[in-house]
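*Asks:* With the hints as constraints, model all of the structure from the sequences given.
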Amino acid sequence: MSVPRSRIEKVNYRQKEKQVLDSILGQGYDKRIRPSGRNETDGPAIINVNIYLRTISRIDDVKMEYSVQVTFREQWNDERLRYYDETKGRLKYLTLTDPTKVWMPDTFFRNEKEARKHEIIVPNVYVRIFPNGEILYSIRISLTLACPMDLRLYPLDKQVCVLQIASYGWAKDDLIYQWKEKDPVQVVHGLHLPRFTLEQYKSAYCDVITNTGEYSCLKVELIFKREFSYYLITIYVPCCMLVIVSWVSFWLDQNAIPARVSLGVTTLLTMSTQTSGINAQLPPVSYTKAIDVWTGVCQCFVFCALLEFALVNYASRSDMQRDRARERMERARRQWELEHADMEQTQQSGSNGPTNSLGPPGSFARTSIGGATTLSGANSHQTMNHIGSAADQDGIPGFPLKKRGGHNFANALREMNGAEPYRGTTTYPHPHHSNDDLTFPSMNTTGFNTSQPSSLAYMLPPEMGRPCEVHMNPFPPGSGPGHGGGFAAGMTGTGNLIGHTCTYLLCCGTRGLLSKFPSRAKRIDVISRFIFPLIFAIFNLAYWLYYLFAKSKSPQFEDTP
218 MSVPRSRIEK VNYRQKEKQV LDSILGQGYD KRIRPSGRNE TDGPAIINVN
268 IYLRTISRID DVKMEYSVQV TFREQWNDER LRYYDETKGR LKYLTLTDPT
318 KVWMPDTFFR NEKEARKHEI IVPNVYVRIF PNGEILYSIR ISLTLACPMD
368 LRLYPLDKQV CVLQIASYGW AKDDLIYQWK EKDPVQVVHG LHLPRFTLEQ
418 YKSAYCDVIT NTGEYSCLKV ELIFKREFSY YLITIYVPCC MLVIVSWVSF
468 WLDQNAIPAR VSLGVTTLLT MSTQTSGINA QLPPVSYTKA IDVWTGVCQC
518 FVFCALLEFA LVNYASRSDM QRDRARERME RARRQWELEH ADMEQTQQSG
568 SNGPTNSLGP PGSFARTSIG GATTLSGANS HQTMNHIGSA ADQDGIPGFP
618 LKKRGGHNFA NALREMNGAE PYRGTTTYPH PHHSNDDLTF PSMNTTGFNT
668 SQPSSLAYML PPEMGRPCEV HMNPFPPGSG PGHGGGFAAG MTGTGNLIGH
718 TCTYLLCCGT RGLLSKFPSR AKRIDVISRF IFPLIFAIFN LAYWLYYLFA
768 KSKSPQFEDT P
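Under this note's numbering, the first residue of the sequence shown carries the number 218, and numbering increases by one thereafter.
Worth flagging that the hints you see were computed from the coordinates, not collected in a lab.
A virtual CB, placed ideally from N, CA and C, is assigned to each residue, including glycine.
Do not take every clue at face value.
[As the list claims (entries may be wrong)] Think about it this way: if two alpha-carbon atoms lie no more than 30 Å apart in a straight line, the pair counts; the simulated DSS-like pairs of lysine-lysine are:
hint, residue 1, residue 2
1, 305, 318
2, 389, 318
3, 506, 375
4, 389, 442
5, 399, 436
6, 330, 318
7, 399, 305
8, 397, 375
9, 318, 399
10, 280, 399
11, 318, 280
12, 233, 305
13, 248, 375
14, 389, 399
15, 280, 309
16, 375, 309
17, 442, 248
18, 436, 375
19, 442, 330
20, 334, 309
21, 334, 436
22, 399, 309
23, 506, 330
24, 235, 280
25, 233, 330
26, 397, 334
27, 330, 397
28, 309, 233
29, 419, 334
30, 330, 235
31, 436, 389
32, 305, 248
33, 506, 389
34, 419, 330
35, 330, 309
36, 305, 397
37, 233, 280
[To be verified] Now the in silico label distances, taken between C-beta atoms and shown as ranges:
hint, residue 1, residue 2, range
38, 438, 234, 22 to 28 Å
39, 513, 551, 34 to 40 Å
40, 537, 367, 54 to 60 Å
*Replies:* See the structure below:
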């Protein structure tokens with residue numbers, strides 16, 4: 218006889234769950250005693266661990282720490298909490314919201330600085346008890362963990378931050394931590410950091426031995442790669458711009474002192490401020506970082522640009538003094554030409570007898586020489602007796618200069634200026650002209666004949682009137698054409714010829730460029746326009762090659778697959 222459906226008693230599964238909990242957590246269960254090992258032996262309890270990484274909120278380079286939020290899970294077996302499922306699978310596990318009811322491993326995070334549990338709206342923690350005695354403990358926590366960093370390659374670096382898990386009191390003989398076989402570390406999909414990229418993560422073991430025994434330890438290695446684009450835009454490009462702006466002073470007029478000084482000082486102060494801002498974001502370490510090399514060299518370039526103006530200013534004042542001396546020398550030379558032309562005319566008049574054109578002795582006549590008007594006469598001739606007559610002077614135009622008379626013109630100039638005549642030995646700056654080859658230009662009614670060498674050229678600065686000369690050594694003996702020096706010797710001679718040719722082209726090209734700027738101050742500016750960018754480009758090439766290769770060969774990442 219069938220029982221009416223209305224009379225079938227409904228099973229209250231919540232009541233069944235309460236009965237099971239009361240039975241397994243009764244007076245016979247002591248949470249102070251750890252569970253046994255595998256197969257109910259007296260071995261160490263095995264704790265299987267799994268971590269779910271939810272967020273990475275901050276990586277602090279100054280404090281060398283990072284903040285994460287994780288779901289931490291532990292699973293172990295406690296044979297004392299086994300129960301029989303009378304509901305035929307309807308009661309898969311028992312859930313506890315108070316983990317203090319059962320035994321818990323004394324797990325702690327070894328490199329933790331700060332930690333907190335999440336208790337909004339209720340404590341984010343639960344314990345599940347399975348029929349076979351397996352216990353799953355899960356909790357959501359936020360951690361601030363220490364992360365020692367090596368900043369030698371900053372900002373081209375990678376950093377390895379770890380999360381270490383161990384037992385605080387149970388030694389390895391009593392408790393062993395193991396990673397869960399499947400997915401020991403999980404990361405939320407789409408995890409993004411503002412200045413880093415989580416390049417890789419892996420699980421490992423870190424058992425440690427202390428004075429109190431050996432302890433089981435687990436660790437998670439998080440490899441962060443710094444996003445270089447941020448630093449390229451905020452540090453490297455502005456530094457390059459400041460260095461280039463400091464070069465603008467090379468193109469300003471050398472007399473624009475306020476503009477060049479203000480530009481140099483402003484760029485230097487801006488560079489110093491930016492360097493201070495960069496260092497404020499980093500800890501004070503004892504080694505040199507890659508960013509220190511960059512900012513230091515950029516600051517040195519800006520400072521050298523300011524020093525270059527100081528050198529230009531000094532050279533400009535030297536050029537002004539030299540120009541004044543040259544003007545005085547030119548006036549003395551013209552006076553010397555006029556007086557000697559007058560003396561020559563007077564001598565010719567004396568040899569031909571007095572004429573009406575010259576007038577009586579003591580009178581003066583105006584003579585046009587090379588467009589200049591002079592006074593000639595006996596008195597004028599008498600005033601030149603301190604220079605000497607045509608027969609006694611070696612420096613008279615048209616006569617060769619002897620070695621003993623090489624300074625007659627210079628002495629005359631010094632006497633005109635009220636200085637003592639020079640009594641030293643005659644020297645000639647140019648090595649390819651002997652003493653006998655130096656003559657004054659021949660004098661005629663139009664002035665000097667510029668086709669003949671003159672000692673005046675060697676009294677001027679060396680950059681005036683010098684040809685571009687490169688002295689080439691001949692072929693070594695026995696290595697030139699027609700000799701039996703062999704192929705190697707011939708190649709050596711050819712190499713020397715090519716080297717001399719390149720030197721000649723470089724010399725003439727450089728002198729040809731600089732010859733357009735007779736002022737030394739202007740030459741310094743012109744040279745700086747090419748030298749500064751060239752050296753900065755070479756530095757950039759060496760910097761990036763070194764640090765990019767050093768980054769790939771860093772011993773910190775040799776084991777990183």
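*Asks:* For every hint, state whether the structure bears it out.
*Replies:* Results of checking the hints against the structure:
no. : hint                  : result
1   : 305 - 318             : 26 Å, holds
2   : 389 - 318             : 24 Å, holds
3   : 506 - 375             : 13 Å, holds
4   : 389 - 442             : 35 Å, violated
5   : 399 - 436             : 16 Å, holds
6   : 330 - 318             : 28 Å, holds
7   : 399 - 305             : 28 Å, holds
8   : 397 - 375             : 28 Å, holds
9   : 318 - 399             : 29 Å, holds
10  : 280 - 399             : 34 Å, violated
11  : 318 - 280             : 39 Å, violated
12  : 233 - 305             : 12 Å, holds
13  : 248 - 375             : 45 Å, violated
14  : 389 - 399             : 23 Å, holds
15  : 280 - 309             : 47 Å, violated
16  : 375 - 309             : 46 Å, violated
17  : 442 - 248             : 45 Å, violated
18  : 436 - 375             : 18 Å, holds
19  : 442 - 330             : 23 Å, holds
20  : 334 - 309             : 28 Å, holds
21  : 334 - 436             : 21 Å, holds
22  : 399 - 309             : 21 Å, holds
23  : 506 - 330             : 26 Å, holds
24  : 235 - 280             : 50 Å, violated
25  : 233 - 330             : 44 Å, violated
26  : 397 - 334             : 23 Å, holds
27  : 330 - 397             : 26 Å, holds
28  : 309 - 233             : 12 Å, holds
29  : 419 - 334             : 25 Å, holds
30  : 330 - 235             : 40 Å, violated
31  : 436 - 389             : 16 Å, holds
32  : 305 - 248             : 29 Å, holds
33  : 506 - 389             : 41 Å, violated
34  : 419 - 330             : 22 Å, holds
35  : 330 - 309             : 38 Å, violated
36  : 305 - 397             : 28 Å, holds
37  : 233 - 280             : 53 Å, violated
38  : 438 - 234: 22 to 28 Å : 41 Å, violated
39  : 513 - 551: 34 to 40 Å : 56 Å, violated
40  : 537 - 367: 54 to 60 Å : 56 Å, holds
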